[in-house]
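Student: According to the numbering used here, the sequence shown is numbered sequentially starting from 251.
Rather than coming from a laboratory, the hints here were simulated on the basis of the structure. One thing to keep in mind: the hints can contain errors.
Said to hold, decoys possible - SDA-like mimics (lysine to any residue), calculated; alpha carbons at most 20 Å apart, straight line:
#: 1; residue 1: K512; residue 2: E540
#: 2; residue 1: K348; residue 2: F359
#: 3; residue 1: K417; residue 2: D400
#: 4; residue 1: K339; residue 2: N300
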Amino acid sequence: MESSTMKKLWQKLIKPSSKYPILALVLVGIGITLAGTVVVHKGFELTSTNEFCTSCHTMQQNFEEYKETVHFQNASGVQAGCVDCHQPKDFPGKVFRKLEAAKDLYHHFVTGKIDTPEKFEEHRLEMAQTVWNRMSGQNSKTCKSCHSYDDMDHSKQSAQAAFEMKKAAAEDMNCIECHKGIAHELPNMAGGFQKDFQELQATAQSQGATAEVLYSLGEKNLYAAADTSGTVSGNLLPASEVSVLERKDDMLKVRIDGWLEKAGRGRVLTEYMGKRVFKATIRGDVKATETLIEEQTDSTTDIVWQHVSVEAWITAEDMIDDIQPIWNYAEDMYGSTCTACHAAPTPDHFGANGWIASLNAMSAYYRLSKTEERTLLKYLQNHANDTGGAGAH
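Model the full assembly from the supplied sequences, consistent with the hints where possible.
Tutor: Structure (structure tokens):
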């Protein structure tokens, strides 16, 4: 019975109608197709205006930021609207982006995820990274629909801009690598890596500093005895290795190995001979424990260096048994801080000493605490081109 019904239905679908001529059916089909095309076209047109995109109050803050940028108002009077950046020009890209935008409506009408300025700021980084990832995945094709590498006249650019754009063109670089924050305020990039640091602290606490070799998450005071009320006789810097010699309550007696410049005052321990990768500062009673391991002359400078070890007491908190999680955290910090505005060089682009000047030159453009800055510098120096390069540590 069921088979017979399906057969009759199929015959009605494939056989011409006995009631209407074939031409009429064709014309009806064409009419429906045309009407559908017009509806879809008008739908795209109406939902692709700045007015529509900013009709939700949750987008007003974004819109006000955009109005202060060159994409909204400029000398040539050519305005790039919301969809010029956020919606591809090709039809499949438009359709896919409209479907993606359904989740925005869900959050607007159901969850209220960003319905206050405070919530907007809380999620700004997350939203920005979503857009940056989308643009990266499309090789910034919405940007390049207006800004073509082939059509750029480098003679009309500043010398620095021309230099950078020629390199970018040669690599067909993603525009978003260098031009984040071009239409909206940059988010506070610290949220992600600061959360990573809190997770590192939780890991260190769960480990309880029981390993024989440990690494410091932050800067720590050095004491000559297991008593934090005593005189501070130096400092252990972030991401520095120590060997545990003794434990007493919540204190650790550790050995710190490093290099000292013989002709200097002998207070700064470095990770390597001849490189300013700082490990610890020592003085007083901790300096008095210094033991010479070896002495070498740096052939490039003829400076004599001494490889030494000292003993000191530190608190057990914020000491972790593996350096790699610290490097992962620092790598995230580097990505969040230094690639927020431009394509930052890889760690092995400079030598260990070169990174000091490079990071100092950019210090006015990022917001890091002293401990965060020292950890970042230590990561870059330990992965520099004269300490083994990226991935060597």
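Student: Hint compliance check: list the failing hint numbers for this structure, sorted ascending.
Tutor: Of the numbered hints, all hold.
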